[in-house]
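Q: Based on the hints, put chain B in the right spot on chain A.
From first to last, the protein sequence lines stand for chains A and B.
First residue of the first sequence? That's 1208 in the numbering used here, and the numbers climb one at a time after it.
First residue of the second sequence? That's 81 in the numbering used here, and the numbers climb one at a time after it.
These aren't lab readings, by the way, just hints derived from the structure by calculation.
Honestly, I wouldn't trust all of these hints.
[What the hints assert, rightly or not] SDA-like, lysine to any residue: derived pairs with alpha carbons at most 25 Å apart:
#, chain 1, residue 1, chain 2, residue 2
1, A, Lys1262, B, Asp174
2, A, Lys1273, B, Thr183
3, B, Lys189, A, Ser1297
4, A, Lys1271, B, Thr186
5, B, Lys189, A, Gln1314
6, A, Lys1227, B, Asp82
7, B, Lys189, A, Trp1217
8, A, Lys1271, B, Asp82
9, B, Lys148, A, Gln1305
10, B, Lys189, A, Leu1253
11, B, Lys148, B, Thr183
12, B, Lys140, B, Thr151
13, B, Lys136, A, Gln1305
14, B, Lys189, A, Ser1250
15, A, Lys1262, B, Thr183
16, B, Lys189, A, Arg1317
17, B, Lys132, A, Ser1212
18, B, Lys189, A, Ser1296
19, B, Lys189, A, Lys1273
20, B, Lys157, A, Ser1250
21, B, Lys189, A, Gln1245
22, B, Lys189, B, Leu175
23, A, Lys1262, B, Pro90
24, B, Lys136, B, Phe98
25, B, Lys189, A, Pro1247
26, B, Lys140, A, Pro1293
27, B, Lys132, A, Lys1271
28, B, Lys136, A, Ala1209
29, B, Lys189, A, Met1252
30, B, Lys140, A, Val1210
31, B, Lys189, A, Phe1246
32, A, Lys1271, B, Lys148
33, A, Lys1273, A, Pro1293
34, A, Lys1271, B, Lys136
35, B, Lys140, A, Leu1281
36, A, Lys1262, B, Asp82
37, A, Lys1221, A, Gln1305
38, B, Lys148, B, Asp174
39, B, Lys132, A, Gln1305
All values derive from a computational prediction rather than experimental measurement.
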Amino acid sequence: GAVVSQHPSWVICKSGTSVKIECRSLDFQATTMFWYRQFPKQSLMLMATSNEGSKATYEQGVEKDKFLINHASLTLSTLTVTSAHPEDSSFYICSAVQSLREAFFGQGTRLTVV
Amino acid sequence: GDSVTQMEGPVTLSEEAFLTINCTYTATGYPSLFWYVQYPGEGLQLLLKATKADDKGSNKGFEATYRKETTSFHLEKGSVQVSDSAVYFCALSDLSGGYQKVTFGTGTKLQVIP
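If we strip away everything but chain A, and leave its shape as in the complex, we get (with noise of 0.2 Å):
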């Protein structure tokens, strides 16, 4: 199947610092491109959807201010959590999908700010 490679795994931030993950879809262009937080108790909360060359669709809920979502090409999209806090400790998860074709996730990045 197809590959969607996300960066970094893991990464521990201080409180207050941004953190950047990247999403790459490395064999094929997605048209669209999902980024879901996942909490403890497994549940995938979708963020926002993030179509290229267009501004991302936020669910509601979601601080598109703090939560950037750029996807600059049909092969990358990024999240960058601003300004982050404790609670934005989570599992981050994207997935990309090319036309009605099943999505492809990344491996998730485990985000813990201190």
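A: What follows is chain B alone, placed relative to chain A:
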């Protein structure tokens, strides 16, 4: 909007037991349906899919049939193994506002004991 409902877990089974994880959906269009699996400490990976009514997806002994009349896509396996212990997510993929959208269920944790 689209939604996916799957049975709450955790589900605990003995090895070689029969597995069913129920999944129902609501969608305005004609979605594709998927089951994803997340092993401990890892990201999500596609387990199986079905793209139209009456299609049966199968992989690694798991199978699910796209039932349009009951809007269901139940996951089954005849004989589970300890290595099947994971979280299973039912999902649908549909076009929304001209863009691809993937909607997940909340996930069902499966624990298989020897």
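Q: Now, for every hint given, state plainly whether the structure supports it.
A: Hint by hint, here is what the structure shows:
Simply put, Lys1262 of chain A and Asp174 of chain B have alpha-carbon atoms about 20 Å apart, close enough for the 25 Å limit, and the pair holds. Note on Lys1273 of chain A and Thr183 of chain B: the hinted pairing holds, with a Cα-Cα distance of about 23 Å set against a maximum of 25 Å. A hinted pair counts as satisfied when its Cα atoms are at most 25 Å apart, and Lys189 of chain B with Ser1297 of chain A qualifies at roughly 19 Å. For the suggested pair Lys1271 of chain A and Thr186 of chain B, the alpha carbons sit about 24 Å apart, so the restraint of at most 25 Å is met.
For the proposed pair Lys189 of chain B and Gln1314 of chain A, the alpha carbon gap of about 19 Å is at most 25 Å, so the pair holds. This hinted pair does not check out: Lys1227 of chain A and Asp82 of chain B have alpha carbons roughly 30 Å apart, beyond 25 Å. Between Lys189 of chain B and Trp1217 of chain A, the direct Cα distance comes to roughly 23 Å. Compliance with the 25 Å bound is thereby established for this hinted pair. For the proposed pair Lys1271 of chain A and Asp82 of chain B, the alpha carbon gap of about 23 Å is at most 25 Å, so the pair holds.
Using a Cα cut-off of 25 Å, the hinted pair Lys148 of chain B and Gln1305 of chain A holds, with the two alpha carbons roughly 24 Å apart. Simply put, Lys189 of chain B and Leu1253 of chain A have alpha-carbon atoms about 19 Å apart, close enough for the 25 Å limit, and the pair holds. Simply put, Lys148 of chain B and Thr183 of chain B have alpha-carbon atoms about 17 Å apart, close enough for the 25 Å limit, and the pair holds. Pair hint Lys140 of chain B plus Thr151 of chain B holds up; C-alpha atoms about 24 Å apart against a cutoff of 25 Å.
Annotation: proposed proximity of Lys136 of chain B to Gln1305 of chain A holds, straight-line Cα distance about 22 Å (limit 25 Å). Distance hint between Lys189 of chain B and Ser1250 of chain A is fulfilled; the C-alpha atoms sit about 10 Å from each other, no more than 25 Å. Of the pairs offered as hints, the one joining Lys1262 of chain A and Thr183 of chain B holds, with about 20 Å between alpha carbons and a cut-off of 25 Å not exceeded. With a CA separation close to 20 Å, the supplied pair Lys189 of chain B and Arg1317 of chain A stays within the 25 Å bound.
Of the pairs offered as hints, the one joining Lys132 of chain B and Ser1212 of chain A is violated, with about 29 Å between alpha carbons and a cut-off of 25 Å exceeded. For the hint linking Lys189 of chain B to Ser1296 of chain A, the alpha-carbon distance of about 22 Å falls within 25 Å, and the restraint holds. Restraint check: the Cα-Cα separation between Lys189 of chain B and Lys1273 of chain A comes to about 31 Å, which exceeds 25 Å; the hinted pair is violated. With a CA separation close to 23 Å, the supplied pair Lys157 of chain B and Ser1250 of chain A stays within the 25 Å bound.
For a cut-off of 25 Å, the pair hint linking Lys189 of chain B to Gln1245 of chain A stands: about 14 Å separates their Cα positions. Among the hinted pairs, Lys189 of chain B with Leu175 of chain B is inconsistent with the structure: their alpha-carbon atoms are about 28 Å apart, more than 25 Å. Taken as a hint, the Lys1262 of chain A and Pro90 of chain B pair is broken in the structure, with Cα atoms around 38 Å apart against an allowance of 25 Å. Between the alpha carbons of Lys136 of chain B and Phe98 of chain B the distance comes to roughly 18 Å, so the proposed pair stays at or under 25 Å and holds.
Proposed proximity of Lys189 of chain B and Pro1247 of chain A is supported: the alpha carbons are some 12 Å apart, at most 25 Å. For the given pair, Lys140 of chain B sits about 39 Å from Pro1293 of chain A by alpha-carbon distance, which is inconsistent with the 25 Å threshold. A hinted pair counts as satisfied when its Cα atoms are at most 25 Å apart, and Lys132 of chain B with Lys1271 of chain A does not qualify at roughly 35 Å. With a CA separation close to 21 Å, the supplied pair Lys136 of chain B and Ala1209 of chain A stays within the 25 Å bound.
Among the hinted pairs, Lys189 of chain B with Met1252 of chain A is consistent with the structure: their alpha-carbon atoms are about 17 Å apart, no more than 25 Å. A threshold of 25 Å between alpha carbons decides the hint, and for Lys140 of chain B with Val1210 of chain A the separation of about 20 Å falls inside it, so the pair holds. A threshold of 25 Å between alpha carbons decides the hint, and for Lys189 of chain B with Phe1246 of chain A the separation of about 14 Å falls inside it, so the pair holds. In summary, the hint linking Lys1271 of chain A to Lys148 of chain B is not supported, as the alpha carbons are separated by about 36 Å, beyond the 25 Å threshold.
Distance check on the hinted pair: Lys1273 of chain A and Pro1293 of chain A sit about 13 Å apart at the alpha-carbon level, within 25 Å; holds. Taken as a hint, the Lys1271 of chain A and Lys136 of chain B pair is broken in the structure, with Cα atoms around 39 Å apart against an allowance of 25 Å. Proximity of Lys140 of chain B to Leu1281 of chain A is assessed by CA-CA distance (about 32 Å); at most 25 Å being required, the pair is judged violated. Proximity of Lys1262 of chain A to Asp82 of chain B is assessed by CA-CA distance (about 22 Å); at most 25 Å being required, the pair is judged to hold.
Simply put, Lys1221 of chain A and Gln1305 of chain A have alpha-carbon atoms about 36 Å apart, too far for the 25 Å limit, and the pair is violated. With a C-alpha separation of about 15 Å, the suggested pairing of Lys148 of chain B with Asp174 of chain B holds against the 25 Å cut-off. For the hint pairing Lys132 of chain B with Gln1305 of chain A, the CA-to-CA distance comes to about 18 Å; that is within 25 Å, so the pair holds.
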